[in-house]
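Visitor: Under full-length UniProt numbering, the residues of the sequence shown are numbered 1 to 248, in order.
The set of hints was computed from the structure by calculation and includes no laboratory data.
It should be emphasised that the depicted structure is a prediction, and the values quoted were computed from it without experimental measurement.
The reader is advised that the hints may include incorrect statements.
[To be verified] Dumping the calculated BS3-like pairs for lysine-lysine here, alpha-carbon to alpha-carbon at most 25 Å: (1) Lys-145 - Lys-72; (2) Lys-172 - Lys-97; (3) Lys-145 - Lys-180; (4) Lys-72 - Lys-133.
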Amino acid sequence: MSLRNFVCRRHMLTSNRTITQLNTPNTNPSSSSSSSLPLLGIQFSLSKRHYILLTEEVEEPLLLLLRSWEEKTTPTTIYLTHSVYMSDDRFYQEISKLIIRNWNTVAFQDRRNSIIENTMREVRHIIKLDSNKGRQKLDVCVDLKLVNVCMGRMLVPEEEIALSNRMVPASKSSMKLLKKMEIDEERYSSKDECCTVCLDELIVKESDNADILCMPCSHMFHGECITKWLETSHYCPICRFQMPTEQD
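My request is simple: use the sequences and hints to build the entire structure.
Guide: Right, dumping it as structure tokens:
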């Protein structure tokens, strides 16, 4: 089913975080001094899942999945000494850089602080376990999953005609809501992800000298494509999220 006539009425943004210790033997379990705190290896794996659901306005809404797709980043590993992960500020900065580098998702910026703080707390808890005392090196895996759900309905033919006859561009000031994404082929993989305006691959090589822009609804497009689109229509091409207009 085509999404051309789909209108998004409600967004749901959720995140799920799993932190596990990788199985490595403890070669020195007797030592417990602070100077023997281990070198910490953190493997970050981030993914984002999109769901577009069709709903009906009835007492018990019927949900029909119109489309879903997943975006993933290549797992990244960093190593931190105890002087870094025992410092609140330095530890926060390192985790923040990991998330921004791998997933600069606009829609989840308001959740970034809680994600980082909870990650720090759980990793430190693992470090302090009795079974990890005296370790020289400790490896943990942080698996972060972001879920973006858009629920809405399809326009009936009369509404579609009316909409096409009153296309309203987004305001010039609203263009600052578009966030530039730093994505390349080495860090980003998606089987069928494309810019829905031009239908070409979304991934931009550095040599192309082009930008990828993300709308507040978390959908991404080629910068030139979405800029031209919003000069005519203030709706997101995918979910019909409404950008501000001069009439607002």
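Visitor: Which of the listed hints are broken here?
Guide: Checked against the structure, the hints that fail are numbers 2, 4, while the rest are satisfied.
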